[in-house]
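In the order they appear, the protein sequences are chains A and B.
Read in our numbering, the first sequence has 86 at position 86, and its numbers run on one by one without any break.
Read in our numbering, the second sequence has 38 at position 38, and its numbers run on one by one without any break.
Heads up, a few of these hints could be off.
The list makes no distinction among identical chains, and a pair is therefore deemed to hold if it is satisfied within one copy or across any two copies.
[Claimed, not checked] Below 30 angstroms or equal to it, Euclidean Cα-Cα: the simulated DSBU-like pairs (lysine-lysine) are:
#1 276 - 100
#2 100 - 180
#3 157 - 276
#4 219 - 50
#5 58 - 157
#6 157 - 210
#7 100 - 148
#8 148 - 82
#9 157 - 209
#10 28 - 235
#11 58 - 189
#12 209 - 58
#13 198 - 247
#14 53 - 234
#15 210 - 82
#16 24 - 198
#17 88 - 58
#18 198 - 180
#19 180 - 219
#20 219 - 189
It should be emphasised that the hints constitute simulated quantities derived from the structure, not laboratory data.
There are 2 protein chains.
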Amino acid sequence: MTTILDGRATTAVVMEEVAAEVEKLAGKGIVPGLALVLTGDDKYSARYVKLKKKRAEKIGMYAEFHHFEETTDKELLAFIEKLNADPKIHGIMVQLPLAKGLDELLAVDAILPEKDVDGLSPNTLGKVLMGEDCYLPAGIEAIMELLKRYDISPEGKHWLVAGGTNFLSKPLAAYIMNMKSRVTQAGAKCPHIPTLAKTADVICTEMFKKHAITADMVKDGVIIIDNGNNYEGKKVFGDVDPAVYEKASAYTPVPGGTGPMLIAMLLRNTVKAATKIA
Amino acid sequence: MTTILDGRATTAVVMEEVAAEVEKLAGKGIVPGLALVLTGDDKYSARYVKLKKKRAEKIGMYAEFHHFEETTDKELLAFIEKLNADPKIHGIMVQLPLAKGLDELLAVDAILPEKDVDGLSPNTLGKVLMGEDCYLPAGIEAIMELLKRYDISPEGKHWLVAGGTNFLSKPLAAYIMNMKSRVTQAGAKCPHIPTLAKTADVICTEMFKKHAITADMVKDGVIIIDNGNNYEGKKVFGDVDPAVYEKASAYTPVPGGTGPMLIAMLLRNTVKAATKIA
């Protein structure tokens, strides 16, 4: 039997839980507040950030959307500092990548660790590596939550993390280093991925390439976490060929796997941050 | 031909270079200053920290040794803040582990990133993971420097990092994630290490176990980085059985491999920090 790690169904359950937390906090007079910061003029990003705001508001959270079509490092830093000091705001999310010319490290480094609910700052990523308590990047939360909901332990396994971004693959590999597991990380374009995939118990992809992982590369019973998001027109494809599913013991479909979970994880972290202050 | 990665000889060369940098800075009226902070009553640690001070002073650096046999988190934090603000001090090293009862994360998180010359803080470790510029932990610097001096590229290889501390193995694996290499990390006691070792091009051990890696576990031509420091009386043994050396293309001996490099790397980072201010 192959388990489909259904991100949509899981998101619905998680959002109900988060909404219940928000209601509880409301009883104490606290409204979890999230500040969403977008730079540049990418329309897809703008739509995505607006969706985050809408989802937050729908469950009774407070959300602010700040869009800087043009800005400077100095202005952006000053704005983040203002959010750091704002008691209405429990979580700050700066949409990455930033608009061209802006210094990403400077921006994420300015976010107060207590408000870094999207796990973007070096301070947070260092804590992920150290195995210390922090707000995990939404992508990691999504994977761990999906496995938990389907009673699959992330431990005692050999993970292959195929990808190298600061949002997902590198922090995920760092996170796994603190488990009773083994982890192999390789860049999205590493020519050795077929060999590495063959012995992996879990394959987590962030390869930006349609069907890069094929059935001949994996072993029977593999768990597939596919973070691919490869568009061809309006159709989206994963990094993993669906033929792999037949050999897998569990997999995240694309679409409908980890993707839908991301906003829920961000909102849950924000509610946690508000709870800590309560 | 097997290359012996000679830490003592390399340290001597590096220390000459660092001394020359210190002299250059002296010409500009700058003396690189290092604050060494020790807590508790471990005699071995006290001796080691005093050695760091002596080595620094020998090449014309300024060094302070602060020993708190008994202290509190509050007192230690206040002291680190004082060092952060002290213009004589360019680098701060807090000897770990801290004395029992003290909060290690609190202490290392207090060190200003610009003065975190031993790569201890979450901010620094996050930057290591992100591939951003920072002062690398001395253990990583030592390994990369040894490879460089012997013209061995760390890239294009499959690394096995066998160990899981915050000082060495986890940051090292994080560092390698930013190279054109693959890296597998497993805990020091992971039962799968023999299997993982078999396909590794480089094996870096921090296993706290005498001769844990044996010749049958490795492939021909492997590069061995042995961070073992296992004492039996006054004799010290590596994590790697010397019989492995015959199959290796290069290896760090124990003693005389990475160990002697550590102080030199700390001093070099401190001088770099002073240079940035110059």
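Evaluation of the provided hints:
In the homo-oligomer, the alpha carbons of residue 276 and residue 100 lie at most 30 angstroms apart only across protomers (27 angstroms), although the nearest pairing inside one protomer, at 35 angstroms, exceeds that limit. Only between protomers do residue 100 and residue 180 lie at most 30 angstroms apart by alpha-carbon distance; the minimum there is 26 angstroms, versus 40 angstroms within a single protomer. Neither within a single protomer nor between protomers do residue 157 and residue 276 lie at most 30 angstroms apart by alpha-carbon distance, with minima of 33 angstroms and 44 angstroms respectively. For the homomeric pair residue 219 and residue 50, neither the shortest alpha-carbon distance inside one copy (41 angstroms) nor that between copies (54 angstroms) is at most 30 angstroms.
Taking identical chains as interchangeable, the C-alpha atoms of residue 58 and residue 157 are never at most 30 angstroms apart, the minima being 38 angstroms within one chain and 49 angstroms between chains. Taking CA atoms no more than 30 angstroms apart as the test, residue 157 paired with residue 210 passes in both settings, with 26 angstroms inside one copy and 26 angstroms between copies. With identical chains, the CA atoms of residue 100 and residue 148 are never at most 30 angstroms apart, being 38 angstroms at best within one copy and 35 angstroms at best between copies. Taking CA atoms no more than 30 angstroms apart as the test, residue 148 paired with residue 82 passes in neither setting, with 37 angstroms inside one copy and 45 angstroms between copies.
Taking the shortest alpha-carbon separations for residue 157 and residue 209, both the intra-copy value of 25 angstroms and the inter-copy value of 23 angstroms come in at or below 30 angstroms. For the homomeric pair residue 28 and residue 235, neither the shortest alpha-carbon distance inside one copy (45 angstroms) nor that between copies (63 angstroms) is at most 30 angstroms. In the homo-oligomer, the alpha carbons of residue 58 and residue 189 never lie at most 30 angstroms apart, since the shortest distance is 40 angstroms inside one protomer and 48 angstroms across protomers. For the homomeric pair residue 209 and residue 58, neither the shortest alpha-carbon distance inside one copy (34 angstroms) nor that between copies (55 angstroms) is at most 30 angstroms.
Proximity of residue 198 to residue 247 under the C-alpha cut-off of 30 angstroms is found in both arrangements, the shortest distances being 12 angstroms within a copy and 26 angstroms between copies. When the C-alpha separation of residue 53 and residue 234 is checked against a cutoff of 30 angstroms, the pair qualifies only within one copy, where the shortest distance is 24 angstroms, while the shortest distance between copies is 64 angstroms. Neither within a single protomer nor between protomers do residue 210 and residue 82 lie at most 30 angstroms apart by alpha-carbon distance, with minima of 41 angstroms and 54 angstroms respectively. In this assembly of identical chains, residue 24 and residue 198 lie within 30 angstroms of each other by CA distance neither inside one copy nor across copies; the values are 47 angstroms within and 54 angstroms between.
Proximity of residue 88 and residue 58 under a CA criterion of 30 angstroms is satisfied intra-copy only: 18 angstroms inside one chain copy versus 54 angstroms between copies. For the homomeric pair residue 198 and residue 180, the shortest alpha-carbon distances inside one copy (20 angstroms) and between copies (20 angstroms) are both at most 30 angstroms. Taking the shortest alpha-carbon separations for residue 180 and residue 219, both the intra-copy value of 21 angstroms and the inter-copy value of 25 angstroms come in at or below 30 angstroms. For the homomeric pair residue 219 and residue 189, the shortest alpha-carbon distances inside one copy (21 angstroms) and between copies (25 angstroms) are both at most 30 angstroms.
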